[in-house]
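*Asks:* Fit chain B to the supplied structure of chain A, relying on the hints for placement.
Residue numbers (my numbering), protein chains in the order written: chain A, 1 to 967; chain B, 968 to 1157.
If you're looking for bench data, these hints aren't it; they were derived computationally from the structure. C-beta: ideal position from N, C-alpha, C; glycine also.
Partial selection, computed: residues in chain A whose CB lies under 7 Å from chain B:
(1) His721
(2) Thr725
(3) Asp748
(4) Pro791
(5) Arg793
(6) Tyr794
Derived CB-CB ranges, DEER-like:
(7) A:Leu233 x B:Pro1088: 17 to 23 Å
(8) B:Thr1115 x A:Gly846: 40 to 46 Å
(9) B:Met1156 x A:Arg514: 45 to 51 Å
(10) A:Gly417 x B:Gly1023: 55 to 61 Å
(11) A:Asp92 x B:Met1156: 20 to 26 Å
(12) B:Met1156 x A:Asp583: 26 to 32 Å
If we take Cβ atoms under 7 Å as the criterion, some of the chain B residues that face chain A in the derived model are:
(13) Glu970
(14) Phe971
(15) Ala977
(16) Ala978
(17) Tyr1072
(18) Asp1078
(19) Ala1079
(20) Met1120
(21) Ala1137
(22) Ser1138
(23) Ser1143
(24) His1154
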Amino acid sequence: MSQPNRIEGGLIDRGRRIDFRWNGRRLTGHPGDTLASALLANGIRLVGRSFKYHRPRGIFSAGSEEPNALVQLREGAAREPNTRATTAELFDGLVATSQNHRGPLEWDLMAANDLLSPFLSAGFYYKTFMWPRAFWERLYEPVIRASAGLGRLSGQPDPDAYDHGFLHCDLLIIGAGPAGLAAALAAGRAGARVILADEDFRPGGRLGAETYEVAGRPGADWAVAAAAELAGLANVRVMARTTVYGAYDHGIYGALERRTDHLADSGGKPRQVLWRVYSKRALLTAGATERSIAFGNNDRPGVMLAGAVRAYVNRFGVAPGRKVAVFTNNDDGLRTANDLRARGVEVTRVIDARAGDVVVDTRGRKGLHTVFLNNERHVEADCLAVSGGWSPNVHLTCHHRGRPEWREDIAGFVPGGGLPPGLSVAGAANGTMTLGAALREGHETAAALARDLGAAGAAGAAPEARDEPFAASAFFHVAETRRRAWVDLQNDVTAKDVRQSHREGFRAVEHLKRYTTLGMATDQGKTANMLGLAIMAEASGKTIPETGTTIYRPPYTPVAIGAFAGRARGRDFRPFRLTPSHDWAKENGADFVETGLWLRAQWFRRPGERGWRDSVDREVEMTRASVGICDVTTLGKIDIQGRDAAEFLNRVYANAFLKLAVGKVRYGLMLREDGVAYDDGTTARLGETHFVMTTTTANAVTVFRNLEFARQCLWPDLDVHLISTTDGWAQFAVAGPNSRALLQRVVDDLDLSNAAFRFMACTACTVFGGTPARLFRISFSGELAYEIAVPARYGDAMIRGLMAAGEAFGAVPYGTEALGVMRIEKGHAAGNELNGQTTAAMLGLGAMVSKKKDAIGSKLSERPEMTREDDLRLVGFRPVDRSVILTAGAHFLTAGDPADMAHDQGWMTSVAWSPGLGHSVGLGFLRRGQDRIGETVRAYSPVRNQDVLVEVCRPHHVDPEGVRQRG
Amino acid sequence: MAEFAFTLAAAPTLGGADIAPGGNRIAERDDLALVSVAIPLGGDRALAAALRKGWGLAVPGPRLSAVSDRARAIRTAPDQIMLVFARSGPDANATVQAALAGAGYTTDQTDAWVALEVSGPDTPAALERLCPLDLQPDAFPEGAAARTVMEHMGAMILRLGADRFLLLSASSSARSFLHAVETSYRHVMR
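So here's chain A without its partners, still in its complex pose (with noise of 0.2 Å):
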């Protein structure tokens, strides 16, 4: 028999028949059918086990405030866990089952959880797992993590896409209600830009779950209808399930798009989109949440809110049960029983509060059968419509910390002060609880907004609509109940746990929250809060907002981590910057690093090499025998011109700049405002008024934006003009004896004798017959050195016409390990040595800070912890036991004094292994270094369990003369 529990009448497509499976069974549902409506109308109640007593739970709403019914959607890859049955919307070939339970859901072995409750109140985690310390991470955390939770996720990446994007709009309305719905059309006609969003996929809110009128027609049609007349307007975006799920500054709004959750099949387009939406004004428009009772057993399959008893019955065509019993507090009760027996439901009871009668206690293992009054009578029932009252939905109002305000007259939290800036507040999501009212709320509003927005046309009516009778009473749980309460249906809490909590002293409601978990579930309590505060007030004896409430932060409903990651995963985690020679680099055997986002080739392979070392071996003797050829194209380069460029890099480096004459390179070193060393790099003069710096790769970018703030703020009468030229260059460093030979045939008609062409020179020039190009003779590696540079579309060619010049001279490519390994044997300072602690000083550079100007941090270096004797200076090593390896990060030790840090006399910066030495050699800060040349100390890594002795040493293992760059 198929879909016993449907009956007439509701907004589904009875013409459509969708095939999906609950468990392993083959079920029938219509388009229009949420998971749990379908499941309803198939007769099953029990859908869940409850998260620490693992108490058999089913349908308890008809939202996303769903606290009960969590379930895992689709297979393998694509399994979702904890997904609200009651916001999954039928699919044809939909697989769901059940979490939490071990062996089948009717029969779950955890259930024996629920004998224990006694034991497992509040705080018992608390209370029980201290002692002995050690048992927390070994035994009782994998337990109780293995017992409880929700459900199990597949353990493989997520297969599907995601992606980011971002919206404009003047008035963003959150919630297609029946007053956001209003609200839309009165600014929308005015002509402002809108965006509506709403959570489900279908719009009008509570109008499509009641029998209200609007404009003289059934509420769900008008619903329908404006929804149909906002999606003609040009300057109105309508997004069905599109959840506005935080607020943030600046009138920023996030929101979840669910794209293809509702088709089998997503077309590989993005599954959901995370929504940045830029708003000038939004309009809170989210309605109201009922709540429910606390009474003994009010947890068993068959107890639902009172709302969603009637959203079943009038939007989908569902009985959730044959014989309902409702309890309620207000004048909702009577609109179920009319609504329920409108549709040939038979209502076996309506209970009153109001009128003195309550419900005590339940019975129905596995669904719920039998009521039980106070009055010692009872009733038959499979369903019991429960109506505590309605809490307007202000959790967006308080993303900016502001805190709600209790109004008596509805019994209920409304938005109260610190608003998010420009968020407006209309219909029951304001406590404006009834239809009339809210549609005419919702339209004031909006339209006072855009005539404010400046948008003139005329926003026309506001529908009209009855205002349905409403009188709500505080009345919150059954105290005469013997039975456990529930109060957080999700994580399990109940009256007692809330009771004790106050009765060993955590009061507050923060503290409530955290000793019960009250509320820290997925669905931040929505359902559970109000309830939680009503006992701790009656326990405490004081006034609802004398207790107050907690805060709600984003998101308002849970977001899939995919969603937050958009497209970022995997190799599109972050771009990738490459070199113009990376293609050329990859045909030839490089391997390649990543250095921020560049990729560089560190070395690379020739057949028959066994590692990288051997590779590496043979570039840096062969660069420092014949000639080798390494891309240096990632090094910042920034273009400076101006009047006042050679006054403002003389004060934006530490030695002197003034006077470098046009043609000419220099070394120059950067400080932070502090007189730390920062970067450093070569700057050269092209031109009178023109510059091109060069900063270390990872610093490009730091370097640029510093000397942006102090052309723009410190010194902005200085004629001065920065733009980055790092990509618009192709750069080549030619290292070694042959590079003059190498480069003299490849530019054009240019003397590059020593008497011509010296040492730190620079020059414009062309190549290969024309290709304009710039000339650099500097030198990282120590040997005779150049660098040339093309523009980037030439790289390419480039590197192909240097190896093919080069060839004669047995030229080599060589990547950042032999850069590495050659500047180490020069003793050049890189990235380990100006890790943001060093100063001038201790680099051994003190003298290059000029004191006959005043330039950026060259004050404060001048401080006299900065320029300590004894301090630590950068000296070179190399093992005393020549076959030793050195490894980098060992700390230096005097001979003879304990491994301790009071005895810590620095450390290794940087190791090498030189292959022209046939030994390791290391750079390092030591203590008073510069007075300890030839001593021996000790090298000690307890992390590398390595401890040999290393001779101190000049920096400059290789050619400390420098003859042959300057040669």
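*Replies:* For chain B alone, kept in the frame of chain A given last:
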């Protein structure tokens, strides 16, 4: 002339990419030269005159571009303009310098950027997934230009028509940029 004979051929950053996701088009524009012009301190008038004389261009205001039959000028900073014009050789900078006769400091930016012209019916929807700016025609009309960030990459956007834009981003990350643009189209195209 260089002793060693070798033909140094220029290669477009993306090899002249030209793809058509759905009924749309993403095409690399490697025929465009980009030269930045910095306005000397106190030299606004002289530069405006030189720009008008040399290129028939007005100095554009913030988030705007100016266009003549020879070139387009985009305002990129308070003291900076980017000239965009059709030219394939490596001599764009010299051309601009000659035309401005010292009224501005010029830097060739052609090779620092990759230029993609995107067009087609899904373009506004694709850019919603990529560009944080409000591109609604009233807010960003034809000729509007702005600097922004797309998928973590610095970028410039210029509106050429209702569904036609020029996107500029760093040439070193051009492949990632093209991937991001193409992915945006694939995510929204029908």
